[in-house]
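Trainee: As given, the protein sequences belong to chains A and B, one line each in that order. Under this note's numbering, the letters of the first sequence match residues 1 to 385, in that order. Under this note's numbering, the letters of the second sequence match residues 1001 to 1242, in that order.
Think of the hints as simulated: they come from the structure by calculation, not from any bench. Just so you know, even glycine gets a beta-carbon here, dropped at the ideal spot from N, CA and C. Accuracy of the hints is not assured; some may be wrong.
Below, a sample of chain A positions facing chain B; criterion: calculated Cβ distance under 8 Å [said to hold, decoys possible]:
hint, residue
1, 21
2, 24
3, 124
4, 127
5, 234
6, 259
7, 285
8, 289
9, 293
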Amino acid sequence: MATFKVVEGGFYTTVQDLGRYGFQRYGVPVSGAMDVYALRLANILLGNEQGNAALEMTLIGPKLEFLEDTTIALAGANLAPRLNQHPAPMWRAFRVQRGSLLTFDGPMVGKQTYLALPGGIDVPLQMGSRSTYVRTGLGGYEGRTLQPGDKISAVRRGEKHRSNPATIPNELLPQRLDERPLRVVMGPQSDAFTPEGIAAFFSSSYTVSQQSDRVGHRLEGPPITHSRGADIVSDGIPSGAVQITGDGQPVILMADRGTTGGYTKIATVITVDLPKLAQTLPGNTVTFHAVSVETAHRLLKEQEDAMKRFKDYVDRSARTHGAGLRVLVDNKPYEAQDEDGETAAQTEPLHGDVHTSRRSITATINGNPYTFEVQVQDDGGTPPA
Amino acid sequence: MYAEPRFLPAGDRALAVELGDDITPQTNAAVRDLFVALEGNPIEGVVDLVPSYRSVLVNYDPLVLDFAQLHEKLTALLASVSAGEPATPRCVQIPVLYGGHAGPDLDHVAQHNNLTADEVVAIHSAPQYLVYMLGFSPGFPYLGGMDERIETPRLDTPRTIIPAGSVGIAEKQTGVYPTATPGGWQIIGLTPLNFFDPYADPPSLLEPGDLIRFVPINQAEFDAIVQEVEQGAYKTRTEAPE
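Working from the sequences, and respecting the hints, build out all of it.
Mentor: In structure tokens:
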């Protein structure tokens, strides 16, 4: 028995985690999620370790048939998910019943989305990672993209779902790329370009080409001219390296990049902006803005702090069994339990942004008519301020 | 090789220690010495190392240490490296079945250079080649030091598939394909050794900075080694570096 069966594989669906480190010296690419941020948030929503393996889905999502009851979370691009034809939520854990069909209509916003399962996806660890590197058949599910008939299991099976699924707060939701430039740190070969080349890089907008995949995103725009040729003695390539080939066009190297290469690298996209790049579609445009390494580190720490606050909230609410839901009849709160015996409605007052709906219900009991004032309060999964 | 190393930011999670901008055994030996020192004296927060011809790309976790702290620790380590003895590389013997089905282009390489096939084999298997770095694909060694008497251009039409272990020549370079791939190299032989095995520890037969020498073998020896490799009984053979 597995957690779900693949009915259709989608455009490019693989198992990814945070990547395979320690083997670049042997020419083994890091791989891992293109949008590491979304992968981590999907895991946090389920109370997983942030680096647990999840499904990475690209543009056209798969069609999955669930073979057992479980809880899942989707984070990343909005590929218009549907559970049994009804719209399914993004950025929130939700219950899935055995026999359910999860489908995707197609990209509304972005390119990559992540499906997390309780405890992660149960595939073997290979060289310290569960990430798939398709070209060499490493890791993941048999080292390849998912195909119809594949069966995937969660690490934690049959566990009771959280009765209070938290929603990602707005401050943590990814910002759209077009709102601001991609920030880069100059180097390692920024001295290999003419002043005109550097000026073109920072003043022009570049269009994401069709030839973009997990190895890198190729951009098209005004050429960035070299001062002494595009070739260098091959060296190591960092994640987000903006490589300028002989024709002056940028290629930004990403998860499945080769470990070494022989083209000049004008700059490197900073860690907090890589997910935004990963979510760009062919035809989208990007611009660049230089920041210092120190600024990049400060931005990363701010993001980590915000994520940690959210994770603490999720973990705390899971520990306290806070239902996030409160039912009052004639202003008296009642406790309620779900089918698993978990608290579904709590008697203690809710915190945060509480939405209250009220209804008046008339019922006949033992021949006598009674009227109740019923209130349902929902905190919407809002974390504490 | 530079007089002083350069410390180049490579984004917010990597720092390149550049020791030169040339492809020479001297610069590469300095890369290897730094790499070995970093392996032997791990810096907390360093998550991966990418040694190449002339630099070591140090991948680090900025939540553990920042650029200035890493720069400082690397400077101290480099000072101790230059004061110490250089690491002695090992020379790994690579058995190769030359010619025939194993090396369909051996005769062409011979004709192109006005040599006999035996002369090509003798020239190719004479030197110890330096593994400057591994890259391009898992386990692929960038080798230096091929004799120019056996230089041969690539095939006009690349083959759609070249078996794993194929030993080839392309212009001034020689190399071994660790995994089956399409390719345009002139294939002169086949090694029974597995250059990349994801289930092995380490997964790569070769380490950056190793030396290798190709050792001609016959079909019977080839078959025997294949069996040993399959049973996990093959012991890597080394010789003294020259």
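Trainee: Each hint should be assessed against the structure and marked as holding or not.
Mentor: A quick look at each hint next to the structure:
The restraint placing residue 21 of chain A at the interface with chain B holds, with a minimum CB-CB distance near 5 Å, inside the 8 Å limit. At about 5 Å, the closest approach between the beta carbon of residue 24 of chain A and any beta carbon in chain B falls short of 8 Å, and the interface hint on this residue holds. The beta carbon of residue 124 of chain A is not positioned within 8 Å of any beta carbon in chain B (closest approach about 10 Å), and the interface hint is therefore violated. This hint holds: residue 127 of chain A has a C-beta 6 Å from the nearest C-beta of chain B, less than the 8 Å allowed.
Given the 8 Å rule on beta carbons, the hint for residue 234 of chain A holds: about 6 Å separates it from the nearest Cβ of chain B. Checking residue 259 of chain A against chain B by beta carbon gives a least distance of about 5 Å; that is within 8 Å, so the hint holds. The interface hint given for residue 285 of chain A is broken, as the beta carbon of that residue sits about 22 Å from the closest beta carbon of chain B, more than 8 Å. Because the closest C-beta pair between residue 289 of chain A and chain B is about 14 Å apart, greater than 8 Å, the hint is violated.
At a threshold of 8 Å, the smallest CB-CB gap from residue 293 of chain A to chain B is about 5 Å, leaving the interface hint in force.
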